[in-house]
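Sequences are here, hints too, so could you generate the full structure?
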Amino acid sequence: MCRTLFQDQFNNNSIIIIININIRCQNYDGGFGPYPGVESHGGYSLCASASVAILDCFECIDMDRFLVSSTNTRNERYKAKRRI
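With UniProt numbering, the residue at position 78 of the sequence shown is 78, and numbering never jumps.
Certain hints may be false.
Here are the simulated distance ranges between beta carbons [as the list claims (entries may be wrong)]: (1) Asn72 - Ala50: 17 to 27 Å; (2) Thr71 - Asn11: 34 to 44 Å; (3) Leu55 - Tyr28: 17 to 27 Å.
Derived by calculation from the structure, the hints in this document are not laboratory data.
The beta carbon of each residue, even a glycine, is placed where N, CA and C say it ideally should be.
Here it is as structure tokens:
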């Protein structure tokens, strides 16, 4: 997305492509992976949610699943630290 912005090639077609990539990379758990079907990762989820925010297209992804995924990941880390 950034490369497209810096090359001044940002148009409606680019927006559609970026949104479609985000939709395909969202996994069953609500997070985002680097490619469709690949395990979710916090870094990719952050970048995907940032691109959705920049494009103002929150309705394009499943925000409910994304928020649950983000919250669960954080809670699980906290629980793991407390057990140690």
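Mind listing which of the numbered hints don't hold for this structure, in increasing order? No hint contradicted; all consistent.
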